[in-house]
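*Asks:* Construct the complete structure from the given sequences, taking the supplied hints into account.
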Amino acid sequence: MNTKHILRNVVVLLAALALAFLAGQEFYDLQQPDEFYTANPALTRIAKLSEYNPNLKGTAGDTDIYVFDSGVPGGVALIYGGTHANETAAVMSAITYIENVSVSQGKLFVIPQANLSAFSATLPLRAQASHMNFTLTDGSTRQVRIGTRLANPVHQWPDPNYRLNTSGRMLQHGEIAEIRNLNRNHPGLEEGYLVEMVCYGIRKLVETENVDLLFDGHEASPEFRAVNFLIAHERAMDLGSAAILNANLDAMMEGNMDGYPFKLDRSGATSWGLSHRALGDNTNAMATLFESLNPVMGFCHDKVTEELVKDGISPNYVKITELGLLSSGELTEAGSPIELRAAYHMEMSRHLIGALGELYPEKTLTISGLPTFNDLVTNGFEGILKPLK
Amino acid sequence: MINVLFILYRVIAGLLALVALVNILRAKSLEKALNHAILFVPLLLRTLLIK
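Heads up: the sequence lines are chains A and B, in that order.
The number in my numbering is simply the position in the first sequence, starting from 1, with 4 added.
The number in my numbering is simply the position in the second sequence, starting from 1, with 97 added.
Be a bit skeptical, because a hint or two may be false.
Pairwise CB distance ranges (calculated) [to be verified]:
1. Asn44(A) x Ile135(B): 46 to 52 Å
2. Leu105(B) x Asn137(A): 39 to 45 Å
3. Asn6(A) x Asn132(B): 19 to 25 Å
4. Ala19(A) x Met98(B): 35 to 41 Å
5. Cys304(A) x Leu102(B): 24 to 30 Å
When the alpha-carbon atoms are kept at most 30 Å apart in a straight line, the in silico DSS-like pairs for lysine-lysine are as follows [unchecked claim]:
6. Lys267(A) x Lys323(A)
7. Lys307(A) x Lys323(A)
8. Lys125(B) x Lys8(A)
9. Lys129(B) x Lys8(A)
10. Lys52(A) x Lys267(A)
11. Lys61(A) x Lys323(A)
Simulated from the structure, these hints should not be mistaken for laboratory data.
Yeah, the Cβ is synthetic: ideal placement off N, Cα and C, and Gly gets one too.
*Replies:* Following this line, the structure appears as structure tokens:
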């Protein structure tokens, strides 16, 4: 090999290293933790999930748990978003709780990034936006992450060829990547794949803290039957009915005579590994899950820009709706904005907490300070989020 | 077992990155050097657990 070849090959190697550095820097930045507003005086402490499963310590699954303890005996609820890190309304709902809620009876746990690892990557080959930006009234900007449905393969790798997980769900063939899906692996394993260990941590949190009500926030595609559905475990059906009834009565009192589009469904008997089934079956908590409408989740979504995620305006789905091809998640040109989606999550969870005290007085959990549905929809997150100091 | 597999796959990715690096330096044509460089970048990022 002559000197000319060696020189040329070294130049190619240096170019590859430069490319790796430039690309790597962006991916590395995505792995850095997000900053949350922690100045809410009602916040008792920030716990780690590794307190409930020590095997998570130092891993990408050791997410933060925001604890609001009134010190007065009462009900205990766990509200979490970020099971799927691209289902942003659930994350925004959890953040709104963290920044505003006050608890005068009982105890509230909030997890904004349940599958923490999934926030460190975006969907591959989709040119997906990685953040939403909100310019607040004081001129500062709040950035909120948009991640993926599954844990980052950098943290949990390789996916096995076959896995019979703790819920009895067989993962194989095309479904095998779901081993990185938090909502397929409940109730989890103390020592197993990262996501299984996160599931176990959540289960132990529910058991240790005697959680009465569990609310897992999600978003669904327009094609999905269960858009705006509350899915409830058998033991949570009464609670869900009361919450939806109360939410609609509230809406009517505020002048919205159409009420909310909430519907109730019972957790499927074969929904193995999903929170409403597996945590409902394996703990004493009344497990619920809510789905709001996000066009980004659908197969026909437009390019996943920050605008699409925030405004939920999808020309593809507007056209599909006009053609009459959608029966559940119909989308007009008004879209399905993040404020509306998050407000639905807030209303649903708030009324579940209210119904908990109505049906089981000894489990009363009294919360206040949250923005109303109209506050959120009218002012947007620009007027609701608090600036980071 | 799961942790062992994780480490093993990382070692394999590292070895493959090393092979790609050597092949870049030994390539007899620009096309081959570029081919190996395209392989080298993701293997390096996976070895470093960046991507």
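*Asks:* Take the hints in turn and mark each one as holding or not.
*Replies:* Okay, the hints, checked on the actual structure:
no.	hint	verdict
1	Asn44(A) x Ile135(B): 46 to 52 Å	holds (49 Å)
2	Leu105(B) x Asn137(A): 39 to 45 Å	holds (41 Å)
3	Asn6(A) x Asn132(B): 19 to 25 Å	holds (20 Å)
4	Ala19(A) x Met98(B): 35 to 41 Å	holds (40 Å)
5	Cys304(A) x Leu102(B): 24 to 30 Å	violated (37 Å)
6	Lys267(A) x Lys323(A)	holds (25 Å)
7	Lys307(A) x Lys323(A)	holds (15 Å)
8	Lys125(B) x Lys8(A)	holds (10 Å)
9	Lys129(B) x Lys8(A)	holds (15 Å)
10	Lys52(A) x Lys267(A)	violated (34 Å)
11	Lys61(A) x Lys323(A)	violated (48 Å)
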